[in-house]
Each structure stands twice: as C-alpha cells, then as structure tokens.
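Okay, here's what each chain looks like letter by letter:
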Amino acid sequence: DQQVKQNSPSLSVQEGRISILNCDYTNSMFDYFLWYKKYPAEGPTFLISISSIKDKNEDGRFTVFLNKSAKHLSLHIVPSQPGDSAVYFCAASETGGFKTIFGAGTRLFVKA
Amino acid sequence: NAGVMQNPRHLVRRRGQEARLRCSPMKGHSHVYWYRQLPEEGLKFMVYLQKENIIDESGMPKERFSAEFPKEGPSILRIQQVVRGDSAAYFCASSPRAKSENSPLHFGNGTRLTVT
Numbered sequence: 003d004q005q006v007k008q009n010s011p012s013l014s015v016q017e018g019r020i021s022i023l024n025c026d027y028t029n030s031m032f033d034y035f036l037w038y039k040k041y042p043a044e045g046p047t048f049l050i051s052i053s054s055i056k057d058k059n060e061d062g063r064f065t066v067f068l069n070k071s072a073k074h075l076s077l078h079i080v081p082s083q084p085g086d087s088a089v090y091f092c093a094a095s096e097t098g099g100f101k102t103i104f105g106a107g108t109r110l111f112v113k114a
Numbered sequence: 878n879a880g881v882m883q884n885p886r887h888l889v890r891r892r893g894q895e896a897r898l899r900c901s902p903m904k905g906h907s908h909v910y911w912y913r914q915l916p917e918e919g920l921k922f923m924v925y926l927q928k929e930n931i932i933d934e935s936g937m938p939k940e941r942f943s944a945e946f947p948k949e950g951p952s953i954l955r956i957q958q959v960v961r962g963d964s965a966a967y968f969c970a971s972s973p974r975a976k977s978e979n980s981p982l983h984f985g986n987g988t989r990l991t992v993t
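Protein chains in written order, with our numbering: chain X, 3 to 114; chain C, 878 to 993.
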C-alpha cells in the first residue's frame with residue numbers, strides 16, 4: 003500500500019534549467035509534507051517542508067507546491083546545479099501520527 | 878559532529894547469524910526511528926522508540942527483529958537468524974520532539990547489512 007508515490011524513477015535536467023520533481027499521496031489525513039535529498043552512501047538530509055495550511059513554501063532555489071485537492075506536491079529547483087544531482091524523497095506525515103511515510107525516490111541528474 | 882551516529886557502516890553476516898545495529902541520536906534528541914531501504918526502493922518505517930519505550934513497531938517484521946532504546950547508551954536494532962532478504966541499508970533517525978509535533982527527522986548515514 004503505497005501512500006506516497008513518486009512515479010518518475012529518474013529525471014535529467016540541464017544545468018541552469020528548472021528541475022520539477024513530483025509526488026502524489028493517497029492519505030487525506032497527511033498534513034505535513036517534506037522533501038529529503040540523499041547522496042550515495044549517506045543518509046537522507048532534510049531539504050524543505052510544507053504544512054497543509056499552505057500551498058507554497060520557498061527556500062532559496064527550492065520551492066515546494068502543495069495541491070491538496072489533487073493530493074499532489076512538487077519540488078521546484080531553479081536554477082539547477084550539478085551538485086543537486088542526488089535522489090530526492092518525498093515524505094508525508096499526519097499530526098498525532100508517529101510515522102513519516104516516504105516515496106520511492108526520484109534520481110535527479112543535472113548535466114553541466 | 879553532533880549528528881546521528883550509526884555503526885557499523887557496513888556489516889556482513891552469514892545466514893543464521895545475528896546482526897546488531899547501533900544508533901546514537903543527536904544530542905538532545907530522545908526520539909529514535911529506524912527505517913529500512915531495500916535496493917531500488919524507498920525508506921520503509923520500522924519502529925519508533927523513546928527512551929526505554931517502544932511507541933510504534935508496526936513496521937517491524939513479527940519475527941527475528943527487535944529494537945530497544947535503553948536509558949543509557951545507543952538504540953539497538955537486532956536481527957536474529959539473518960536471511961538473504963534482510964540485506965538492506967538500515968537508517969536511524971532522531972528528532973527532538975514527538976512526531977505529533979511536526980518536525981523533520983535527522984538521519985544517520987546508515988548501516989549497510991549484507992547477508993551471505
């Protein structure tokens with residue numbers, strides 16, 4: 003039962019262009035959403051989050067958009083840099099719950 | 878470095894042996910989570926612990942797996958009688974507050990378990 007889905011296993015983008023990573027969820031109780039970035043042989047590191055009371059949150063080159071009616075969120079990276087090449091995990095949780103549920107990840111390649 | 882510390886980084890066990898994975902949370906964090914990542918898959922929740930208490934173990938296999946977080950010392954994930962299917966990366970995460978209050982998890986670099 004995949005409650006958080008990232009349907010694109012990989013994405014390739016040219017340096018300087020926008021990267022858009024997508025995520026869908028099925029559990030309407032989720033009210034907190036996060037993106038993590040993971041390099042090989044390292045643990046995931048927190049990137050950006052959004053609460054369900056918002057539809058957008060921005061932090062430098064990273065912006066997360068939330069569409070609650072569609073149960074969809076996306077991460078925009080602009081401009082993309084080669085150092086952004088990593089696996090990006092979408093995650094979700096609900097207030098009062100103990101688990102953070104992760105998607106399968108999207109591998110981003112940023113070409114110089 | 879006051880981050881989440883996991884050891885060992887790599888662990889090789891033969892089928893039937895026991896594996897013990899250790900996790901020291903970030904300083905000041907009293908909530909620990911264990912996740913497993915199978916090859917080409919996402920992170921799967923296993924267990925959530927506070928000091929001396931297991932709060933949610935709904936992701937733990939019913940047999941052979943156990944976890945503890947004693948009053949003193951690191952959290953331990955123990956896998957008895959390992960099988961090849963246990964081969965995975967095991968990540969520990971910690972947070973300063975219960976997940977009921979929204980906050981991101983801080984992950985360690987994981988233990989990669991290989992069962993031969």
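Keep in mind the hints are simulated off the structure, nothing from the lab. Fair warning: there could be bad hints in the mix.
Claimed, not checked - Straight-line distance between alpha carbons at most 16 Å, and here's what the computed EDC-like set of lysine to aspartate or glutamate pairs gives:
{"id": "1", "chain 1": "X", "residue 1": "K58", "chain 2": "X", "residue 2": "D33"}
{"id": "2", "chain 1": "X", "residue 1": "K39", "chain 2": "C", "residue 2": "E918"}
{"id": "3", "chain 1": "X", "residue 1": "K70", "chain 2": "X", "residue 2": "D57"}
{"id": "4", "chain 1": "C", "residue 1": "K921", "chain 2": "C", "residue 2": "E949"}
{"id": "5", "chain 1": "X", "residue 1": "K73", "chain 2": "X", "residue 2": "D33"}
{"id": "6", "chain 1": "X", "residue 1": "K7", "chain 2": "C", "residue 2": "E918"}
{"id": "7", "chain 1": "X", "residue 1": "K73", "chain 2": "X", "residue 2": "E44"}
{"id": "8", "chain 1": "C", "residue 1": "K939", "chain 2": "C", "residue 2": "D963"}
{"id": "9", "chain 1": "X", "residue 1": "K7", "chain 2": "C", "residue 2": "D963"}
Query raised in the report: Does D57 (chain X) lie within 16 Å of K70 (chain X) when you go C-alpha to C-alpha?
Result: holds, 8 Å
Report task. Quickly compare the C-alpha distance for K7 (chain X) and E918 (chain C) to 16 Å and report which way the hint goes. Result -> Between K7 (chain X) and E918 (chain C) the Cα gap is close to 11 Å, so the pair holds against 16 Å.
Query raised in the report: Is K58 (chain X) within 16 Å of D33 (chain X), Cα to Cα?
Result: OK: K58 (chain X) and D33 (chain X) at ~14 Å, within 16 Å.
Query raised in the report: Are the Cα atoms of K73 (chain X) and E44 (chain X) separated by 16 Å or less?
Result: The hint is violated at about 30 Å.
Query raised in the report: Do the alpha carbons of K73 (chain X) and D33 (chain X) lie within 16 Å of each other, as the hint requires?
Result: Holds, at roughly 11 Å.
Report task. For the pair supplied as a hint, K921 (chain C) and E949 (chain C), confirm whether the alpha-carbon distance does not exceed 16 Å. Result -> violated, 27 Å
Report task. Take a quick look at whether K39 (chain X) and E918 (chain C) sit within 16 Å of each other, Cα to Cα. Result -> Roughly 15 Å separates the two Cα atoms, so the pair holds.
Query raised in the report: Are the Cα positions of K7 (chain X) and D963 (chain C) separated by 16 Å at most?
Result: Roughly 24 Å separates the two Cα atoms, so the pair is violated.
Query raised in the report: Is K939 (chain C) within 16 Å of D963 (chain C), Cα to Cα?
Result: Between K939 (chain C) and D963 (chain C) the Cα gap is close to 13 Å, so the pair holds against 16 Å.
In summary, the numbered hints that this structure violates are 4, 7, 9.
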